[in-house]
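Could you slot chain B onto chain A? The hints should help.
What follows is the residue order along each chain.
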Amino acid sequence: AQSVTQLDSQVPVFEEAPVELRCNYSSSVSVYLFWYVQYPNQGLQLLLKYLSGSTLVKGINGFEAEFNKSQTSFHLRKPSVHISDTAEYFCAVSLITGGGNKLTFGTGTQLKVEL
Amino acid sequence: DGGITQSPKYLFRKEGQNVTLSCEQNLNHDAMYWYRQDPGQGLRLIYYSQIVNDFQKGDIAEGYSVSREKKESFPLTVTSAQKNPTAFYLCASSIGSVNYGYTFGSGTRLTVV
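So the protein lines, in turn, are chains A and B.
If you use the numbering used here, the first sequence corresponds to residues 1 to 115, in order.
If you use the numbering used here, the second sequence corresponds to residues 1 to 113, in order.
Among these hints, one or two may not hold up.
[As the list claims (entries may be wrong)] Computed footprint of chain A on chain B, listed as stretches where at least three residues anywhere in the stretch have a Cβ under 8 Å from a Cβ of chain A: (1) 36-42; (2) 64-73; (3) 89-97; (4) 106-113.
Honestly, the hints are just simulated from the structure, not real lab data.
Nothing here was measured: the structure is a model prediction, and the numbers come from that model.
Just so you know, even glycine gets a beta-carbon here, dropped at the ideal spot from N, CA and C.
Okay, chain A solo, but in the shape it has when bound (with noise of 0.2 Å):
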């Protein structure tokens, strides 16, 4: 079965600052990637997805993640923050084949943009 691993369950960070949240993930055969994004109270949206190709995927709101099959990660990264990118974020990964079209979700990553 395929598990997915966020790191780190806050992380604080300046406004304009980077950011690089952590994912890694563990499957036995290929899979796809994804990463959520939920602001208070609300549903997720989709981020981005990995599903074959480049392996640097861009996003909505600037963001983008790199898919390193040797080490299993995908971390999503911004090159400067605002204070609206405050919002849990999940990292989510799919088999591409047997799966059953489900998504295995991370426990999310909260991240905290200050002034």
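Structure of chain B alone, referenced to chain A:
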């Protein structure tokens, strides 16, 4: 506009009562999902349905039940057998293939007192 509607947004129930959470989508998506969210635990899959009249248990199905009689609707019943039902519940749908990602509803916060 197309989307997923979860209702109500907040729900209070007494311990021992069953309660049903509504999830309706007008996206014409085949697959629908229910997740439970607790602080520090991320999202855990309760039930999912790939097509009408068919559904499968997820990782934490005990104490929950679902039905999928219509493509648009996937209600979740939290039964009295669920030992710790207070949580934030999220419904999602997808076009059928997960590589398109999920569309989420805005959630229902259930509090059992």
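What hint numbers does the structure not satisfy? Number 2 only.
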